[in-house]
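Each chain is listed here by its residues.
2 protein chains.
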Amino acid sequence: MSTPMLGRKPMTKEQYERVLPPLRNALLAAQKRMQDEKSFALAVVVTGRPTAGRSETVNEFLEWLDPKHIRVHALDKLRKVSRTWPVMWRYWNTLPARGQIAFYFMGWYEDYTSPALTQPKKSQRHSERTLERIRQFEALLTRNGVRVLKMHLTIDAKLERERIRELRKSKLTRWRVTGEERWLARHHDRATKVTQQGIEATSRPGLEWNLIDGTDPQSRSFAAGTALLDALEKGIRKSAANKAPKPKPVSSKRRPFPTSPPEGRVEDDFYDEELERLRGRFALLARRGKFARHGAVLAFEGMDAAGKGGAIRRLTSALDARQYNVIPVSAPTPEELSYPYLWRFWRHIPQRGEISIFDRTWYGRVLVERVRGFAAAEDWQRAYGEINEFEQELTEHGLIVHKFWLSVSKEEQLRRFEERDKDELKSYKVDPQDWVNRKLYDQYQLAAHEMIARTDTEHAPWTVVEADDKKYARLKVLRTACEQIEQRLG
Amino acid sequence: MSTPMLGRKPMTKEQYERVLPPLRNALLAAQKRMQDEKSFALAVVVTGRPTAGRSETVNEFLEWLDPKHIRVHALDKLRKVSRTWPVMWRYWNTLPARGQIAFYFMGWYEDYTSPALTQPKKSQRHSERTLERIRQFEALLTRNGVRVLKMHLTIDAKLERERIRELRKSKLTRWRVTGEERWLARHHDRATKVTQQGIEATSRPGLEWNLIDGTDPQSRSFAAGTALLDALEKGIRKSAANKAPKPKPVSSKRRPFPTSPPEGRVEDDFYDEELERLRGRFALLARRGKFARHGAVLAFEGMDAAGKGGAIRRLTSALDARQYNVIPVSAPTPEELSYPYLWRFWRHIPQRGEISIFDRTWYGRVLVERVRGFAAAEDWQRAYGEINEFEQELTEHGLIVHKFWLSVSKEEQLRRFEERDKDELKSYKVDPQDWVNRKLYDQYQLAAHEMIARTDTEHAPWTVVEADDKKYARLKVLRTACEQIEQRLG
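Going down the list, the protein sequences come from chains A and B.
Following the UniProt record's numbering from start to finish, the first sequence increments by one per residue and tops out at 490.
Following the UniProt record's numbering from start to finish, the second sequence increments by one per residue and tops out at 490.
With the rest of the complex left out, here is chain A (with noise of 0.2 Å):
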């Protein structure tokens, strides 16, 4: 951890005032570069002592800077709408976008200091993953465009005490006090250890603290003014350096994927009645009491054509309309790609006792952004990790998990291919990007092989389904996504 910041000397009036302006007119100017690049976006996490001057650090910020592109973050552990989705949802629904900076007040680190201060027994595995979540949360902002600065303020146990009793001497700003300050103050020695866990656990290279000494508030204020400058200049100077390595070529080669049945073409009669059966077993699954305490992300991936829209529609028709959203998945916008990629599937994330059914998925990444070469290698390759842990999120919060891959065969592919484009109702499914994409058809295989390789998990398991027959790939569907269900409410 870095602590260049504490133990100076305090600033007198003069030399602060001498050395503000050139700072101040730094940052703006930092700023703009910043705005007018559009190359990275800042989150900066203000946590310490509030009596070591958290609030009045936001409060200058918004006073140097322009505070059009800046939002201020105040995320309250408490807050029930925050229950009803996964932790992370909130800050993920509150990223900065690129050329935009965001204050988070105590930030994700609210998650561990609360629960470790009050319950520290308790809960000391919930203390190791929440730490765990933050690093992985951390790093994958920071390589994905979101660099993020943390500060903490510090102060003393004298001095702290000091300042509360002088506040609560006088009406005037006996209301600066609040209860929580005075507990911190109790429990001074117990909080700094807990703190300092959490920053020593926390701190990884690019991702230092920043240690801001509260005691004198000159010294306090040009300290994270030269934190916050330094940041933004980094970020400056490192995406001018920023550029994309080719992706590797892919080589090897693996078997392919099964896209038969493997008992053979189904029978309409079978068909209809099994599809009948599974889908009131589904109904009912979705209505129990206990399914309302977890909800369900079904994600569909496969090649173009090989029916995933169909076992969609099979699925959401035993449904409530109420209970499900179909998420189709296509290239991003100009808006997404201002964010990190995991950000538009945050955003459709189910609450609790709802299904999201996801047509392409997050791992677009790992497929066609691989395959095409949209994303640099350095990119897809780590994606497989970010995507395990974004997933187990998901299921931490009770989330039912569950990825389809639709197996079709070359053959079958084209032969639909070209009944589309006969059937003049479906010829706005066939893209031109479809026949493109056909043709690197064996590099897609290998691409999905590995796919499942990494990420064939156990809270978020795949199941491939043999798509040739489009009867025998519903009725698989529908069946793993009952079992599913099932084993999981137990």
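Derived from the structure by calculation, the hints contain no laboratory data.
Even glycine gets a Cβ: it sits at the ideal position worked out from N, Cα and C.
Don't take every hint at face value.
As the list claims (entries may be wrong) - Derived coverage of chain B by chain A (criterion: at least 3 residues anywhere in the stretch with Cβ under 8 Å from a Cβ of chain A; other residues may be distant): (1) 165-174; (2) 270-278; (3) 327-338; (4) 464-476.
Unchecked claim - Examples of chain A residues toward chain B, derived with CB under 7 Å: (5) Trp175; (6) Gly179; (7) Glu276; (8) Arg277; (9) Gly280.
Given the coordinates of chain A, assemble chain B onto it according to the supplied hints.
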């Protein structure tokens, strides 16, 4: 109300198979054109008995159209998260952008039907208010680029009972019948009456209901598809013919707002002490238990350099950063322009217990957009009523809404511009547009007069703040905010 879809003869399978393909072709073509032109959005509300084919209709639309530009929303009235925000928040947050279609399962009518059915006596006034709100909302959407298509599926009592009996007979289909459906079937007449009243109360020119007979599935599908096609084609024709009328010239003259403090300049000592006292009062108010059941929206308008930012910072410095959000409002982005103009403000409405402070607001419509001619006369002229309705929505939910007009004289404004120009740190604050706006000072004054005259309501009042003396203005803002909150909390 239009009833062309009722009383048709059942359609034979042959008839259906003959008429369907041309209908689907026409629907796809219309959807494509709508997407390309992006001149309007379509919100389709589907209500009616479940056994009349509500779900089936929405599912068919998804099959017939290109689903990539469609969203289906099923809004559960019981959802906790919704009670955190005003009722209409969830509809605003799911509106389709121009070029897109959204289906609303029961839509905003569930807010009316549910209480009217289950608590018929208690809710008379509530029902009337809800219907009024629906009328206003639909009118606002229609005038702001969102076409509204309403379909109600009917079925007679006998057939409804038969269908339910039939479905319940077999294990395979029993799951299709929910408790709600059985309740509705038992109370067929009452439900029909309530629905009928709702339909009559909300049928307006251009917002007629399509009553669709659900007796025969094929007639139903065809009727629903025809109604959808009609809505799409009307939307396309209308937008092609649409020409914005020229804004009326601003002419009449009014007495200017006061700009100097009535009691003379505020002395520094008094200011410091009074500011601290008021901040304490404000902070304590925001922390009162009762405030957690309310929340506040504080809106700031005024000419450039009127001191909005400074006044806002004096308010926020009294608050815990977790409790408030400052929302700086700039010119709308292209994304924002593809929605009705109030959409971007709904997104920032606070939850209960929180405070949203708007630095410029939805009044831009009747200020800058009027004066500069960015909005057509008919658009800004009807905005007064729409804004009053919007603010009433907020206050009915319990939010405290107060609006400040910071009134600065032409001379003082010039002095501040020049001061900013000299001060390097503040130079980013002066935009070339500010000088253009300054030339239109008198027209802004006139627009502001009319704005306050038309929107100074009991539930959401304006306070004109004499802002030539910054210190006086800041104290008056803080004092007024305190008084208003105290008054509302009782």
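Hint check results:
1. Counting residues of the region 165-174 of chain B whose CB falls under 8 Å from any CB of chain A gives 4; the rule of at least 3 is met.
2. Coverage of the region 270-278 of chain B by chain A holds in this model, with 3 residues showing a Cβ closer than 8 Å to a Cβ of that chain against a need of three.
3. A count of 3 residues in the region 327-338 of chain B with a Cβ less than 8 Å from any Cβ of chain A is obtained; the coverage claim is therefore met, three being the minimum.
4. Against chain A, the region 464-476 of chain B contributes 0 residues with a C-beta closer than 8 Å to a partner C-beta. That does not satisfy the three-residue criterion, and the hint is violated.
5. Nearest Cβ of chain B to the Cβ of A/Trp175: about 4 Å, under the 7 Å cut. The hint holds.
6. Checking A/Gly179 against chain B: minimum C-beta separation of about 10 Å lies over 7 Å; hint violated.
7. Of the supplied interface hints, the one on A/Glu276 holds, with its beta-carbon coming within about 5 Å of a beta-carbon of chain B, less than 7 Å.
8. Because the closest C-beta pair between A/Arg277 and chain B is about 6 Å apart, less than 7 Å, the hint holds.
9. Checking A/Gly280 against chain B by beta carbon gives a least distance of about 4 Å; that is within 7 Å, so the hint holds.
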